[in-house]
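So you can see what is in the structure, the chains are spelled out below.
Protein chains: 2
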Amino acid sequence: MNHAVNATVHSACGSEPGLISVDQALQMILDHTDHLGTEILPLSQALNRFVAEDVYSEIQLPMFSQSAVDGYAICMDTDMPSRSTFELIGEIRAGQVANFELQPRQAVRIFTGAKIPKQTTTVARQEIVQFDGSSITLTEALRLDADVRKAGEEITIGQCLASQGQQLSIGTIAALSMAGVREVSVYRYPKIAVVITGDEVAETVEDLNSGKIFDANAPLIQAWFQSRNQQVDILHVADTEQAVCDLFTNLRDQYDLILTTGGVSVGDYDFVRPVALKLGFEQIFWKVKQKPGKPMFFAKSERSEQGTCYLLGLPGNPGAVYVGMQIYVATLMDALQGQKLLPQWFNGVISHDLKADSRERLLRMVASFETGILKLSSLPKQQSHMLSNLMQANCLVRIPAHQNIQSGQVLQGLFI
Amino acid sequence: MNHAVNATVHSACGSEPGLISVDQALQMILDHTDHLGTEILPLSQALNRFVAEDVYSEIQLPMFSQSAVDGYAICMDTDMPSRSTFELIGEIRAGQVANFELQPRQAVRIFTGAKIPKQTTTVARQEIVQFDGSSITLTEALRLDADVRKAGEEITIGQCLASQGQQLSIGTIAALSMAGVREVSVYRYPKIAVVITGDEVAETVEDLNSGKIFDANAPLIQAWFQSRNQQVDILHVADTEQAVCDLFTNLRDQYDLILTTGGVSVGDYDFVRPVALKLGFEQIFWKVKQKPGKPMFFAKSERSEQGTCYLLGLPGNPGAVYVGMQIYVATLMDALQGQKLLPQWFNGVISHDLKADSRERLLRMVASFETGILKLSSLPKQQSHMLSNLMQANCLVRIPAHQNIQSGQVLQGLFI
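Sequence order for the protein chains is U and D.
Adding 280 to a residue's 1-based position in the first sequence gives its number in our numbering.
Adding 280 to a residue's 1-based position in the second sequence gives its number in our numbering.
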């Protein structure tokens with residue numbers, strides 16, 4: 281069974297020597313990028329950003345010893361049998377100061393999270409207590425230290441809460457908030473211009489009558505950044521050398537990254553690379569031995585005072601743009617925020633055979649768990665000008681070049 | 281080895297009979313909710329939303345037969361040997377109309393994505409072509425139908441592009457855009473008021489001297505919705521019956537969901553449930569046999585013209601709020617958008633033993649892939665008032681009640 285059926289008969293283009301591999305391209309992105317500096321942000325605006333400096337706690341957590349339940353704080357220096365009685369001397373609610381100092385055989389009514397009074401030795405949850413107006417009686421035996429959350433048992437003053445490089449997830453934002461952290465030093469996110477090249481992109485429905493097509497790339501890239509809570513500026517440019525040159529000249533001064541689609545191959549109207557080189561961009565790589573996305577181009581330009589402007593040129597086919605965003609742009613975004621990490625590929629088990637190809641393929645597949653094992657199944661319509669299988673796909677899977685793949689083989693992939 | 285070490289000695293509270301299970305609570309959320317209607321949105325604002333009506337394609341894709349490469353469109357009704365020559369009669373760029381009609385032994389220069397002229401039988405990629413000014417010569421043999429993308433080979437007119445219930449991911453937005461879809465009917469997202477109860481929440485640093493604590497719940501919930509590109513209104517309320525009553529009366533008319541933290545247990549200052557019942561909310565469930573989050577409360581109130589207002593009361597401990605958001609609120613948000621689906625638990629293999637507990641536990645763990653198998657390892661500091669292990673955790677794992685778990689056992693979980 282061979283799932284990755286391509287309806288179009290394809291020529292062998294792409295097998296030329298000298299192309300770099302997917303792994304080499306990713307490593308070159310890491311080797312040739314630097315972070316863009318840091319900034320202080322309120323925690324509420326820092327979701328998904330990376331911590332630029334270790335964060336140490338200024339407080340201990342819990343901040344004070346407190347009750348873990350609704351019940352009674354008790355003073356008694358031994359374990360207590362059932363039917364023990366205690367004098368009730370008051371009440372402490374969560375958020376109130378505990379001014380009491382318990383004496384042996386005394387108790388106070390207390391609520392979850394409330395600060396226990398001095399001399400408390402244990403807390404009796406209300407379910408095991410009878411109350412008669414001025415005293416309480418235990419209905420079960422009670423140990424010392426029951427249901428007390430001790431001051432500092434989770435976090436001590438000066439403890440490292442978040443290390444440099446930690447990504448601020450929902451959980452980490454909550455954990456920092458609980459320790460009173462209100463703002464955090466994070467790596468700056470790049471300012472990004474997205475340039476859609478190609479005279480074939482329809483601006484109106486009427487354009488479709490003249491050989492033009494609807495653009496998937498701008499919506500795709502916009503949604504990708506939206507999903508990461510980031511905004512980008514999206515621009516279109518005509519397929520002339522002058523238009524591309526004028527635009528790049530302008531953008532290079534204003535943006536940290538120019539991300540382009542189309543115009544990076546060897547066609548007569550592919551101006552992204554020649555214009556970038558003419559403007560002094562230094563080529564880091566061009567052409568990767570992969571399918572889709574072979575003509576991908578990466579370059580950078582040093583500016584006098586503003587540091588580096590990077591240029592990543594993705595091919596124009598939307599399948600190549602999709603793979604480019606999920607693998608290369610994701611890696612580049614992290615690298616520009618100081619995180620030089622290769623993609624965290626999962627290992628999954630392919631459920632069918634696949635024929636060899638001269639380039640590494642990045643196939644859209646469905647991954648599902650079966651008793652702890654991740655099973656991978658390819659989808660039809662994998663060509664670079666097709667996207668409809670993204671309605672079903674939940675991962676991209678790497679198929680090494682020149683290998684016939686057999687059912688049961690372990691392959692690397694990324695969830696999408 | 282037992283990783284889930286709890287420093288505080290805990291009472292056996294929570295083992296009372298009559299509590300519903302996690303699975304029962306989730307099923308009751310699905311059984312007692314309805315979607316909130318539909319709306320038309322531009323595709324650019326519809327990321328993560330669910331399609332309310334099947335979307336059919338008004339066009340075919342590719343819209344016209346086109347070249348898959350930069351090369352030459354050729355007319356010849358048999359396979360061609362190397363050294364075949366053709367008369368070159370013009371050029372077609374992507375986005376241009378193809379007015380040519382090829383005759384046998386004629387060719388036109390053509391670029392990737394450009395509409396092939398009438399009578400084209402194959403495309404020769406430029407790498408296998410020599411060009412001498414007025415004619416071209418093949419340097420390799422060439423088959424019919426090479427490097428042609430055929431009109432309609434991916435999508436036909438009238439084909440279903442996205443089914444009712446499809447979630448609009450980055451890939452699906454791109455695929456719909458490519459088919460010219462500009463707006464889409466989606467289920468309405470609930471309008472949500474988040475109510476943080478508890479007099480113990482510090483408003484200023486000075487408050488910390490009086491038994492108050494920093495709030496993790498509001499930042500946690502805000503970040504959770506932010507990560508889904510949604511905004512919510514966050515309000516605080518004092519622990520008095522009147523304040524809770526006034527606020528709920530007001531919110532019920534304006535919001536589809538009131539999501540609360542704290543005030544749902546049996547303490548003397550737990551007003552969420554009694555006030556909701558007094559205002560006519562119908563209890564769907566209260567108390568789930570789980571740790572953390574036992575006192576969770578779910579209710580609804582029918583309004584005259586605006587449909588239903590739902591109320592989900594999470595406990596106040598931030599660990600319970602975190603689990604509540606990832607499991608119950610996620611399920612509820614989908615249900616209120618017409619998607620009645622239980623969480624898609626993964627199966628993973630636990631790498632150590634765990635002792636039994638009287639309630640089902642939802643433990644924060646680290647999951648990692650080892651040659652296709654998902655391995656799970658628990659983290660310390662799992663108590664409901666602790667969050668710091670969320671710096672490391674990447675999943676929540678279900679530990680069934682009353683079972684000693686052994687290393688190698690398969691458990692269900694969710695990535696977080």
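I should point out that these hints are in silico values taken from the structure, not numbers from a laboratory.
On a predicted model such as this, the values are computed, not experimentally measured, just so you know.
Treat each hint with caution, since some may be false.
Chain copies aren't distinguished; within one or between two, either way the pair holds.
With a cut-off of at most 27 angstroms between alpha-carbon atoms, the simulated DSS-like pairs for lysine-lysine come out as follows [stated by the list, open to error]: (1) K398 with K430; (2) K398 with K620; (3) K430 with K471; (4) K430 with K574; (5) K661 with K580; (6) K569 with K580; (7) K398 with K567; (8) K655 with K620; (9) K569 with K430; (10) K635 with K655; (11) K471 with K661; (12) K567 with K655.
| task | Provide an ascending list of the numbers of those earlier hints which the structure does not satisfy. | result | The structure conflicts with hints 2, 3, 5, 7, 11, 12, although it agrees with all the remaining ones.
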